[in-house]
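J.: Dock chain L against the given chain R, drawing on the hints supplied.
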Amino acid sequence: MAAVDAPRIRQERRRTAWRLGLWIAAAVLFAGLPTVFPSGTALTTMSLMGIMIVFALSYNMLLGQTGMLSFGHAVYYGLGGFLAVHAMNLAIGDRLPVPVIVVPLVGAAAGLLFGIVFGSVSTRRGGTAFAMISLGIGELVASSALILRSFFGGEEGVTTNRARLLRLFDWNFGPQLQVYYLIAAWCLVCMVAMYALSRTPFGRMCNAVRDNPERAEFIGYSAQAVRFIAFCLAGGFAGVAGGLAAINFEIMNSVNVGAAQSGSVLLMTYIGGTGSFIGPVLGAVLITFLQLMLSDATEVWQLYFGLLFITMVVFAPSGIAGILMMHAPLWRARVLHRVVPAYLLAALPCLLGLAGVSLVIEMTYRLTVKANEGSAFRFLYQPVDAKSAVPWIIAALLVIGGFWLFRRVRPIVADAFGEAMLVARRKGWA
Amino acid sequence: MLELVSVSTLNGLLYGMLLFLMASGLTLIFSMMGVLNFAHASFYMLGAFFGFQLSHWLGFWPAFVLAPLAAGGIGALVERYGLRAVHRHGHVAELLFTFGLTFVIQELVQMVWGKLPVDYRVPPSLDFTAFTVFSTNYPAYKMFELATAIAIFLVLLAVLTRTRIGLIIQAALTHPNMVAMLGHNVPRIFMLVFGVGTGLAAVAGVIAGPALVTQSDMAALLGPILFVVIVVGGLGSLAGAFVASLLIGLVQTFAVASNASLAGVLGPIMPGAPAAIRDLWDVTVAQVAPVVPYLLLVMILILRPAGLLGTRDT
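These protein sequence lines map, in sequence, to chains R and L. Position one of the first sequence corresponds to residue 0 (numbering that gives the first Met the number 0), numbered consecutively onward. Position one of the second sequence corresponds to residue 0 (numbering that gives the first Met the number 0), numbered consecutively onward.
Check each hint, because a few of them may be wrong.
[Unchecked claim] In silico PhoX-like pairs for lysine-lysine, Cα to Cα no more than 25 Å straight-line:
| hint | chain 1 | residue 1 | chain 2 | residue 2 |
| --- | --- | --- | --- | --- |
| 1 | R | K369 | L | K114 |
| 2 | R | K386 | R | K369 |
| 3 | R | K386 | L | K114 |
What the hints contain is simulated information worked out from the structure, not anything from laboratory work.
The following block holds chain L by itself, in its conformation from the complex:
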């Protein structure tokens, strides 16, 4: 039991930190530009596929650096030549533009790499057991993922709170017009934030790719969960995104690891399944795991519409 709890906690933290790598960019972009980047998870997928292709050609470490740069570069171009052109048509048009982009990126990825999972492997230099918890061997690659995510989180925090550009970004979050009046090039800051945000999502893709399955539907699977994260955390709140990422990471990991079901819990008291909930009777918590984030979303919306740490209503 203790073994299960400690391994699940580690895995949950890891998943949560990966979610936060993506959600941080998404919520920064949203609070600065008012644009919900529907295609954010697509950049995560691009990161994974670029990482696969570049590590095939150059090895893992060059890919680890170059793939996020490439994906972030594409992100910046999308902002500069796509979103900015649509901006005058309003937020709905911007949202729809990124929605169309998810289609196009998914189809392009399918066209180039096919629909089957690609063989993106853990690099040999990280393919060993880091430590053993009770009897479970914990792989070093997962520790590397966790370390990368935490390092990026610390750098992001330092940049946002300790540097000049971070101050300008923070100011532009709440008062974009005032920042422009002071002579800063707000469109360029937007492009930068969009590029860095999509680049961070791509980092998550590069490091998660070998551990999870690198496949053309990975964006469609993860995208909705990202939105849940930023709504649950509170739209535009970076701290909220952090808390919600860890929460959803832990909840989902523990749910996947649990074999409890209604039959198991109530079985001793009640002999048979009531007809109305026969479907739910034998379903284990692990099978319900995909639904959990969305249930959490609905709960939050009923109890606290602004999100856990959100302050503003959109």
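For reference, chain R alone in the conformation it holds in the complex:
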């Protein structure tokens, strides 16, 4: 018996070693990033990314792993953050010996508690009913936030000062670099915890409830109980993210529990990919980066986000991670280079179409909202006058031409991918 299992055990050990190596690499990466990008903007961006990674991963415990589409996940993030702020203010006021490092635990407790309270009424049903109930609870909390002023601080929110808490080894967490390390450490701990959780029997039961709740019930598990536990835990991790946000921004206001924040985490998670653990991480990093970068470049950046989201839903419902995973067999079989020329060919019509669409959007924006500031502006370093006909014709040509070329190129890309996949399959990698 032992002799038969030996190769499998060896394989399992190799996988474990490989995973451990990945986590150590992630830790080294987190520790080394400030050395590579030492600027203030980079530190702020990376801190925000760390918070959003935790938030998006907690959201994916619901959407990706248990199949629960929530439109109110920011409730647990926001309430976690608010309680963390109040806890910090209490510690400052009463001079309690509480270091900043443990503040996210307050957020976790708050997220877990509210997860239990709201989860008990909302997880009775899955699917669309759950989605609507989560939306209702989100709105309930968001509109209560404007009434309960002494807790939520009204429109201005509640502020705190992280540097006045107990010092640890001469770190007062005033400078952004120290806050970055705090967030990175918590982020890594949460990532490991959530990954480990997804590998437990409970994590597998979540998958079973997602795929077929009826069969999960037949083997003796209550789908409602599984949903409830997953919901509470996701709330707890969202609370950690909220606590980290409270430390990072030193302010929490009612926007943090609102629909926009809930929508934003849904966008991140879905665009990153709900099918694998790494997806939400990619989504959080990419969307945070795009939000900061696009909001500098154009004022209608949310429109681009909406369009990107719809494009992903229609063409790539498995997200960025899903697209990458699709290429894993090609990579292992060392035939990835065969699809590169076709992809480069497909990039051209996509870029043309994108340029055309964004030219139309920017010109419309100049003619409507910004009408009193004149119709001339710069697009891709070119001066453009939205009132003349030429740029509109160019934009139309770009959109139509890009679409036509895309239709022509699509079979070529499909063929190239199919052939490469065939080779990979022959080599035994798919």
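T.: Structure of chain L alone, referenced to chain R:
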């Protein structure tokens, strides 16, 4: 007091009927296609803005007809070329598609008409006082809104129960596969229902636009209340949507009109506010009004998860 009650009842009925114009389409679409149209309130907003623009160009009455047609047409196109393509990825993808659509429609509306309210006015032909209740002048435009909503409700009822297409729609609600087997083009019925449903939401937008504020956040404000309506009424139940619309319309209107607060009620018995509820002490019912529909939702979920008149669990 009697004046307040009668005016609030009228306003509540009006608001409830407007809600029902939207909720009826939403619940029909949901029970037929299993798709919760997140963007339903966005079509209401499109209706209001189309109505504003067309009445600016052509006058109110052409806009009253054309704006819902335009918005419903867009709705049908969205179903035909968007939702149908996403359908194979499952219900979550469909829901997310309509969720993305709310973003895009809101941003497009902001891009074209800006973030500030537009000047969408009551047409002069309806700008007079219909009757006077005690001392309150009740505007004719509100009576027109109420009449339109009731007329559409009656037409909808007649179409659903008295015509052939209505019978097919009713059959497709419960047994879509059987209807397809009998040779009816179910995808086309879906497109029709989606187009008519979004068109009805747009009618609500066109007639409510001048009375309320026509602004780019009107969809985001109303959308969640619509979901409350159909959950409270029972998912997929048209009668339930009707009852819940009127209920929420009346409750919210009466709450807005009330100045009662804990301080006012308990003040004579208790001298000061207990520390734990100091926030709630001076808050009037009117200020709590936005929370009321969601509280109702949570109550219903605890007491009767299938909704008031709902029969099925999703």
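J.: A separate judgement is required for each hint: does it hold in the structure or not?
T.: Hints and how they fare:
1. Taken as a hint, the K369 of chain R and K114 of chain L pair is honoured in the structure, with Cα atoms around 12 Å apart against an allowance of 25 Å.
2. The straight-line distance between the Cα atoms of K386 of chain R and K369 of chain R is roughly 12 Å, inside the 25 Å bound, and the hint therefore holds.
3. At roughly 22 Å between alpha-carbon atoms, K386 of chain R and K114 of chain L fall within 25 Å of each other, so this suggested pair holds.
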